[in-house]
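K.L.:
Chain A is already provided as a structure; the job is to place chain B on it using the hints.
Chains A and B supply the protein sequences, listed in that same order.
Under the working numbering, think of the first position of the first sequence as 1, with each following residue one higher.
Under the working numbering, think of the first position of the second sequence as 438, with each following residue one higher.
These aren't lab readings, by the way, just hints derived from the structure by calculation.
Ideal Cβ placement from N, Cα and C applies to all residues, glycine included.
Warning: the hint list may mix true and false statements.
Label pairs and their computed distance ranges (CB to CB) [what the hints assert, rightly or not]: (1) Gly263/A / Ile558/B: 46 to 54 angstroms; (2) Arg446/B / Thr133/A: 32 to 40 angstroms; (3) Val163/A / Val485/B: 40 to 48 angstroms; (4) Leu276/A / Arg446/B: 32 to 40 angstroms; (5) Leu276/A / Arg516/B: 56 to 64 angstroms; (6) Val501/B / Asp295/A: 33 to 41 angstroms; (7) Leu69/A / Thr553/B: 56 to 64 angstroms; (8) Leu276/A / Ile558/B: 25 to 33 angstroms; (9) Asp295/A / Pro719/B: 54 to 62 angstroms.
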Amino acid sequence: MNSTITLPALDLLYTPPHTERRLLLLAGAFIGVNMLSLALQRGFDLLQWWPFLAWIICAVGGQLVLMRLLPYRDPLLFPLMMFLAGWGLVLIERLEPPFADRQALWLLLSTGAMLLTCSIPYLLRMLRAYRYTLLVLAIGLLVSTILLGVNPSGFGPQLWLSVGGIYFQPSEALKIILVVFLSSYLSEQYPSIRIKDLPRLTFIERHPWLSPRILGPILLMWGICVVVLIWQRDLGTAVLFFMIFIVLLYVASGVELIVACGGLLIGAAAVVAYRLFDVVQLRIDIWLNPWPEADGRAFQIVQSLMAFGAGGIIGQGIGQGSPGYIPVVHSDFAFAALAEEWGFLGIVVVTACLAVLVMRGLRIALLHQERPYFALLAVGLSTLLAVQSLLIMGGVLKVMPLTGVTLPFLSYGGSSLLTSCILMGLLLRLSSEGRQP
Amino acid sequence: MKMTQEVNRLLIVFLVAFLIMLVAAAYWAIGGAEELLRREDNPRLVEVEAEIARGQLVDRSGVVLAESLPLPNGQMQRRYPYPETAPFTGYFSLRYGTGGAETAYNTLLRGDSDKTLDVYIQQQLLHRPAQGSDIQLTLSLPLQQRLDQALLSYRGAGVLLAVPSGDILALVSHPNFDPNTLDAQWDTLRTADGNPFFNRVLQGRYQPGGVLETPLVAAALLSNRSLTDTLSDANQPVMLDDQTNVTCAFAPPGKLAMTLLDSYLYGCPRPFVMLAESLGQPTVDSISGSFWVNQPVTLEGFVPKDPIIATATPVSQPSAVPSSTLAQVALGQSPQQAISPLNMALIAAAVSNDGNAPVPHTIQAVRPHGGDWQSVPAEEMTRPFVAAATAHRLSELMASNMLSGVLVTPQPKIPLSGHAGTASSGKGKTLSWFIGFVTLADSTHIAVAIVLEDVNDPGAAARIGQEILIAAYEQPLAGTVTPAP
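Bound conformation, chain A alone (with noise of 0.2 angstroms):
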């Protein structure tokens, strides 16, 4: 197609010299301000000041190294996801205050592990070379979640290892890894399969998807679904893993068969997992009419609604709303309880912050576009964080079924913070990579 078109995501955005510092200023000042709120509600007690304090240091701290390793980063893509973050902390303390320490001491951690991702000279490069040995790892992880997973809360899905006391969901870790390995398979694949520009003539060469290079990892992909699926009865990541994998096997060959024929599989799989599995009966039974069970089964989509109607466009304001009332709302309803409290207004200020993410994201991928694993990478973890953030949002304004995942940055969960930090580190790495004069 014509390459000379204007680049949308390419200059959506020009962002101005001390961009970063000036927008950590701003979310350190709007944490500042609802942390003191909170305060003046519940009495001053220092410890309280322990979730702000370690944000204050990964935000000041991740600053300074930032300017250090990567002085041409991109300078959004920090100062939002920090901002996130806080307010993620923020909500947290509100909702249950003994789980924000907790998450305070996982953000100084992701934020290490975010530093230590972006400070490593040739990591990009690495795991490309590994991936193999990636792709082993996590299909290792996956097989020992399913024969010692474990839940902290003692039912539910198992969904998490443990390792010394410390719950780790190894799901979260897939997620990356998958992106790295497709990324890197589908650029080394790249020539042959973007067919669009070559006029070859033969079926097979003329439908690439058909060929074993292809159809292999579908299968593989599709078989890694199913397994989630089925042993660990996690809808939500078997989703995302599977959208994942559509959306770059698109991106790489430009064949829009493959997001028609990846929408028709996600739908006859809905329909067999339907019959199939309780779990999945439970979630579409609920979506598609909740009302009749607003006290049984589908209680919790039902509060969620009414938390977004008590917030009304201003919202209550913090700590003076119910979402309490939504069972395990700091996690999968975090985005509910911020409706309630911060309102609609709120609810557009994160999903803008989101929206912007995912665009430097795609902008990243663009300014890649001569290799193919720096853009399909970009592509590949902007979209993990872009379909994470709509299938939890979508199911909790019941758009679509539930799927029971964590909204990035904002719910309570160590290993999702860690991942989606490790996710802005290469994010980062790759804003700034082949950009030094």
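P.N.:
Quick look at chain B alone, frame taken from chain A:
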């Protein structure tokens, strides 16, 4: 490489998806919010409700009858220091709603009537709980307690009215319930014998029986019949049907040559059937109508329009006779006739007040949160039941009833007026009633009606009526001036 188009398409898809989320959020947060929040299973409704500082209910001299006290969790608890006032104050429960005055003045008590900007800021922005207004009721606690005690061993009702103001001074319905322990005892109370939630004064629909004798005497006076002609067989019972055999309420001395006046005193049915036959059906219907016998009077708002509780079937089912004869109508036993104790009290009140019945009145003053008492004047309007001259004559007859020694012994030392009788309440059961009044020093009056279920002793009803009228006479009414806050 040329993946620009794919990436741009992807970006557009993501942005549209985010936009859809915003539209959905706007729908739930703005468009559909009202409907969502009004759902009964919205726990926020109860929470807001529980935090409302509901106004106090006080009696006419300022004694607190109901108040809301804060619990440690920030919620309010409704407390009733005098549970014997429950038939009038009603109840307030987060789970079961309201009843009585709590229902009638709910809007004021909740503070819903204040819609100023200041209130909006306080409640909507600063999340301060709503503050309701205090209400001063017309009830007199000492009289209520006295009447409650007097009726304690009976199933029945009593109501005390000030005339001409219409102030309800006491309102008792037995069996009663304790509004302090309503939530815990709800299920027991709902199925309890005698249905404590059934307010007999307001919801009771009793067969009038001998109550109708007063209107009939009025009709005889209006058509210039002689009240003193001797009647034959006056003390004989009247057989209305297989089940209902109406006899004299009080047994007259055997040798007495009875007149209509004597029949009025002893409550003998036969002369009244003869009177009704000579007056004719239209006259009997007309006099019943002008005494509001077929129009049950109740208190506006006290009985929920759409009650959650079973408002129970009337305690006294009209006897199951398909059509009513003139004799049934004359004796107040027709299936179409039903009267509340409040109606009965209004008949006595009208007789005392030149034939004009007052409009029942329940509220004396309102005090908005942080404000001063503002009095709520009674309606000046009265309902004409009968001409003044007739009322005066009836009043004399009722006064001589009390002095006769038939209704009560010994004769009361203060001038009381009254009339007692019985009514058949179906299935062979009988209820006893009394209506009467006393005239106070300032020439206002206090009227009373007493109903005792399943008691064939009109003298018992008359004694209770006498006791409460004397108490009202001896104890000057407080609250003619609204008390200082």
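K.L.:
Each hint: holds or not?
P.N.:
Results of checking the hints against the structure:
Checking the proposed 46 to 54 angstroms range against Gly263/A and Ile558/B shows it holds: the Cβ atoms sit about 51 angstroms from each other. Take Arg446/B and Thr133/A: their Cβ atoms lie about 34 angstroms apart, and the range 32 to 40 angstroms holds. The beta-carbon spacing between Val163/A and Val485/B, approximately 46 angstroms, falls within the hinted interval of 40 to 48 angstroms. In this structure, Leu276/A and Arg446/B meet the distance hint of 32 to 40 angstroms, their C-beta atoms being roughly 33 angstroms apart.
For Leu276/A and Arg516/B, the Cβ-Cβ distance of about 58 angstroms falls inside the hinted range of 56 to 64 angstroms, so the restraint holds. As the Cβ distance of Val501/B to Asp295/A is approximately 38 angstroms, the hint placing it in 33 to 41 angstroms holds. Against the hinted window of 56 to 64 angstroms, the Cβ-Cβ separation of Leu69/A and Thr553/B comes to about 59 angstroms, which satisfies the hint. Checking the proposed 25 to 33 angstroms range against Leu276/A and Ile558/B shows it is violated: the Cβ atoms sit about 56 angstroms from each other.
Here the CB-CB span from Asp295/A to Pro719/B is close to 60 angstroms, well matched to the stated 54 to 62 angstroms.
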